[in-house]
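Each chain, letter by letter, is given below.
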Amino acid sequence: MSELVLEVKSLKVYFNASAGIIKTLDGVSFDLHGGEVFGLVGESGSGKTLTALSVLDLIYPPGKIVSGNILFGGTELLNIDTRQLRKIRGSKIAMVFQEPSSAFNPVFTIGYQIVESIRVHQEKNVSDARTIALRFLRKVHISDPLRVYDSYPHQLSGGTKQRAMIAMALVNSPEILILDEPTTALDVTIQAQVLELLKEIIGRDKMATLFISHDFGVIAKMCDRVGVMYKGKIVETGDVDAILGSPKDPYTITLIESVKALSC
Amino acid sequence: MLIVECKNLKKSFPILRGYMRDEAGRVMAVDDVSLNIERGHIVGLVGESGSGKTTLGKIILGVLKPDSGEIRLGTDKLQVIFQDPYNSLDPRMKIRDILSEGLILKRDTEEKRERVEEMLDLVKLPRFALKKYPHQFSGGERQRIAIARALLTRPEMIVCDEPVSSLDVTIQLQILKLLKDIKKRFNITYLFISHDLRVVRYMCDRVAVMKDGKIIEVGGAADIYSNPSHPYTKQLLASILRI
Chain A
1 MSELVLEVKS
11 LKVYFNASAG
21 IIKTLDGVSF
31 DLHGGEVFGL
41 VGESGSGKTL
51 TALSVLDLIY
61 PPGKIVSGNI
71 LFGGTELLNI
81 DTRQLRKIRG
91 SKIAMVFQEP
101 SSAFNPVFTI
111 GYQIVESIRV
121 HQEKNVSDAR
131 TIALRFLRKV
141 HISDPLRVYD
151 SYPHQLSGGT
161 KQRAMIAMAL
171 VNSPEILILD
181 EPTTALDVTI
191 QAQVLELLKE
201 IIGRDKMATL
211 FISHDFGVIA
221 KMCDRVGVMY
231 KGKIVETGDV
241 DAILGSPKDP
251 YTITLIESVK
261 ALSC
Chain Y
1 MLIVECKNLK
11 KSFPILRGYM
21 RDEAGRVMAV
31 DDVSLNIERG
41 HIVGLVGESG
51 SGKTTLGKII
61 LGVLKPDSGE
71 IRLGTDKLQV
81 IFQDPYNSLD
91 PRMKIRDILS
101 EGLILKRDTE
111 EKRERVEEML
121 DLVKLPRFAL
131 KKYPHQFSGG
141 ERQRIAIARA
151 LLTRPEMIVC
161 DEPVSSLDVT
171 IQLQILKLLK
181 DIKKRFNITY
191 LFISHDLRVV
201 RYMCDRVAVM
211 KDGKIIEVGG
221 AADIYSNPSH
231 PYTKQLLASI
241 LRI
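Protein chains in written order, with this note's numbering: chain A, 1 to 264; chain Y, 1 to 243.
Derived from the structure by calculation, the hints contain no laboratory data.
Every clue listed holds true.
Below, computed lysine-lysine pairings styled on DSBU-like, alpha-carbon distance capped at 35 Å:
1) K177/Y to K231/A
2) K124/Y to K233/A
3) K180/Y to K221/A
4) K12/A to K132/Y
5) K248/A to K180/Y
6) K211/Y to K221/A
7) K233/A to K132/Y
8) K233/A to K180/Y
9) K231/A to K124/Y
10) K260/A to K234/Y
11) K260/A to K183/Y
12) K131/Y to K106/Y
13) K233/A to K131/Y
14) K199/A to K234/Y
15) K199/A to K214/Y
16) K233/A to K177/Y
Please take these sequences and the hints and turn them into a complete structure.
Here you go:
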């Protein structure tokens, strides 16, 4: 297997609530290798998104990373100082969020936001950054990149916005791409197109990808390996085909049975 | 026997632009739709967001008046189950009050109590749920409460508008099974609105596909899924992710 890019070891994230401590992530461990797509699947509240946010150190109070390790190419991300972390966040590790309409800032154009993301991490002047932004908008198969560049988020359809979001994640050539339910907010036909695009990009650039979804259909299409999350733990990890074919954990079995009962 | 008969229904909404909210045009939410629903059937209405599914459902419920066209109903006992069980239950009301509200004209409090409790058993919720508030329940439990509320007035038809789309897949299956059981037991007609073709296949006898306000294809569920005729239906079916 290719080199280890990301290693998450017994990660624990607790939330302090009035009713007591809630163990939202209770010892999560997984590895991500170069060029591999690792899926996290589970129901709402199982801790999928929180796992992704922990990798980027985006957990805010009352949430707290209590213990564990997150090793990015051997570097511990959990006690790194903020300035160094900012260099990694958005450039070496990029993330695409579920809801494209709320992930963009509504008062700036798409182009402005992509250019900003480029110039934070690379020494480029505005016009060079603009050229790069347009090139990446074309890369995600946006047919009229100039119009999209000058548009505000609310002027675009959900599918186009999500393509632009993907372009923004790619502009700094990340080593790890985190996709958090990237197609959940989209209609099925658009979902199919965006998944096709992601497949193409991941296959071409050989990025290590963490793919989060509640939909086993999406996971089966996109991922090599998968971890099934339940109540803050990864209850089962393995190759997608192996888990679909012969799940071991009782929760995984229920989940896959439900999905199969509803498939047609 | 038909329970719903729609002929050439049209409904448009204004598109408002600018500071003065001037009408810049109209969007045809439902555009010349004719649809018949047979008593006792489960009819699926599928389509992507913005295709007009919910507007058509609301016209059938009588919540919206069509701009033109005819609608004839074979019953006045209609009920509705909404998508989001977090918004469709009043957070200030206890479950007992939510459930008995539909029976407000019943004087007999004893009968009211019995019917509420009977319905609670049917949707498999414990008795002590009656004393609680909506926020104390999970999404699946809340949807059971919404189902119980809909059933209490003994409807002949229920418009289910995306009843499981905000639920996890294991819970989806439980709720769909419950809806099927209820249908068998009380012979209720469902108009089942959903964007999820897998869910519609599981539930429905007949399917109508909507796109841009129009019904582009209607037929038996098995027929449409195995042999779609409209290109858009084909595209939708090709987008289903299988495992």
